[in-house]
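Number of protein chains: 2
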Amino acid sequence: MTIQSTPRSFAPPSSHEMPEAVQNALERVESLMLEVVDSEVTVLRDASRHILSAGGKRVRQRLTLLAYTAVGGSDPERAAPVAAAVELVHTASVVHDDINDHGIVRRGRPSINAIWGRTFALLTGDFLFTKVYELMAPYKDLNIILADATVALVEGETLQASAVKANNFTREVYNRIIALKTAALFRAAGELGGRLANGAPEYVEAIANFGYSIGLAFQIVDDVLDLTGDTEQLGKTAGVDLEQGRGFASTYENDADAAEQEAEADVVTSLKEKILQGDAINEAHEQANRLVKMAIAYLDVLPASEAKDSLIDLAHQIVERSY
Amino acid sequence: MTIQSTPRSFAPPSSHEMPEAVQNALERVESLMLEVVDSEVTVLRDASRHILSAGGKRVRQRLTLLAYTAVGGSDPERAAPVAAAVELVHTASVVHDDINDHGIVRRGRPSINAIWGRTFALLTGDFLFTKVYELMAPYKDLNIILADATVALVEGETLQASAVKANNFTREVYNRIIALKTAALFRAAGELGGRLANGAPEYVEAIANFGYSIGLAFQIVDDVLDLTGDTEQLGKTAGVDLEQGRGFASTYENDADAAEQEAEADVVTSLKEKILQGDAINEAHEQANRLVKMAIAYLDVLPASEAKDSLIDLAHQIVERSY
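The listed protein sequences derive, respectively, from chains A and B. Counting in this note's numbering, the first sequence runs from 1 upward without gaps. Counting in this note's numbering, the second sequence runs from 1 upward without gaps.
Derived from the structure by calculation, the hints contain no laboratory data. Hints may be right or wrong, so weigh each one.
[Stated by the list, open to error] Incomplete in silico selection of chain B near chain A, CB under 8 angstroms:
no., residue
1, S31
2, L122
3, L123
4, F127
5, K140
6, E157
7, L159
8, N168
9, T170
10, L299
A quick note: this is a predicted structure, and the numbers were derived from the prediction, not measured. Just so it is clear, CB atoms sit at the ideal spot from N, CA and C, and this is done for glycine as well.
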């Protein structure tokens, strides 16, 4: 397995340019994240920068900055600290995920777990979670939005682990998991951007719903890619979901009562083939496409703008991506 | 090994009564913590309540409520959410500690790790850390104080793990570790209480310094007890520090260049005997007593009150405790 060591950008060709002010704010978010994780305890700084500088898709921070701009905000750099906080919640959660899943590749690099070991990975995740609240401290009314979304994320991860353990990974449970672990933070990312710009309540509501819907679509596509992609292409350890008895495809197995919780490698391969021949992948893509369509419809209330066009692009990129 | 299953209170006989309003507020903190960890994801609720209802010494929340009252606050229940947040930071950190240290007993009960396993212990710790910020969300100016103290706590834990790994657990490193991992949160506990009551700046400063000093003393005594106590008496897995090559006593070993990082059980026993015969324990007690004396001196600027007397009691209890 070759591990790609250079960060990759998540930007399929699109018909619209991202507004320049948003581009600049995105760069500010990157530098802010690297600054905020500075620490005299070098392992925390190094491990944090290792994962942050690897890139990642940065969907959530883009969502916050574009939401801010699309509802009328004039200076997206003002939203950079909050966008950084949103992205750090996600980053902290993947660091802890890689402990629980024994993931050894993340964002095209060896995971923190793989390089520094479990103890330091756990502490680095805690460090990142805590840095979120240093960043959010000045935003009194907005704090609760991100705190609630982070609670939902942890609840979703826990529900997932519980469902795997209890072997009841049904479609209904799956839908609840992706709403909690992914869509809640996407919703918050949109809402926070909208609120920071003092957007009209109907605009903020629209952008929050947009975030929620693309969040669901994002997770469904992620689960499909976990199944169909390989580790090099995805930039993270592939096949984890099926191996762990979870993800979109696992609901098929359980619904068909054919799951083996502790599947061996060859069992995984044969299940994978079965699922790839079946309707699961197509169905997942259809569901993701429906969600993206719905998400874009929420934006109808917003006035036309470059930022609105970029949000629509973002929604399309989520379903069209190959990693 | 018998595991005590009933919560124990940390209240050696003292010469002063805790003010009644503070007693009531302490009860409010307990119920608030149990309420705030409610979740539809039952494992998070159950694991959180398991550790919270086991009691613990509750030094930090008492410090916050007494600080609030001692600087002139009239309704300590107002400080209950912040006191609960401070206590939850500590609780989250011990849940994660028990993963890294393989601790199987905590607060006289099996640890979350021991009952629910590593994955759920990790997620429960994340859940508790996040609930802290739900509780703190309304307190704009105070958020940064607790966030900074939590960052320090994580840095202290990390520095400790790094020092063990690098085998450079010197007295200087030890002092830095206990300042970060314990004294910073004690300082914040005092400062937050003082600020919530809008105490005069010199009162708030005094109570913050008091917290810092008793925090250092608390950790030193804790490390001595880890060495001299047994698991039943302490209510948590004893001997962890020495086994892991850290704590007050380990600075002796390293200074004497006699440490074996991966000590076997019999090596631990012989080291323990050596240390118990040496000066380390006495020296640690003297240091803790000096710190407590200094802490009490900080309180000189505060007007006489029941709450002030209770703070002085608290400081004495910290060095006189046997668990």
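Here is what the structure says about each hint:
1. S31: violated, 19 angstroms
2. L122: Holds, because the Cβ-Cβ distance from B:L122 to chain A comes to roughly 6 angstroms (cut-off 8 angstroms).
3. L123: Check passed: Cβ of B:L123 comes within 5 angstroms of chain A, closer than 8 angstroms.
4. F127: Hint holds; B:F127 Cβ to chain A Cβ min 5 angstroms, cut 8 angstroms.
5. K140: holds, 4 angstroms
6. E157: holds, 6 angstroms
7. L159: Since the shortest Cβ distance to chain A is 5 angstroms, the answer is holds.
8. N168: Hint on B:N168: violated, closest Cβ of chain A at ~13 angstroms, above 8 angstroms.
9. T170: violated, 16 angstroms
10. L299: violated, 29 angstroms
In this structure, the earlier hints numbered 1, 8, 9, 10 are contradicted, and the remaining ones agree with it.
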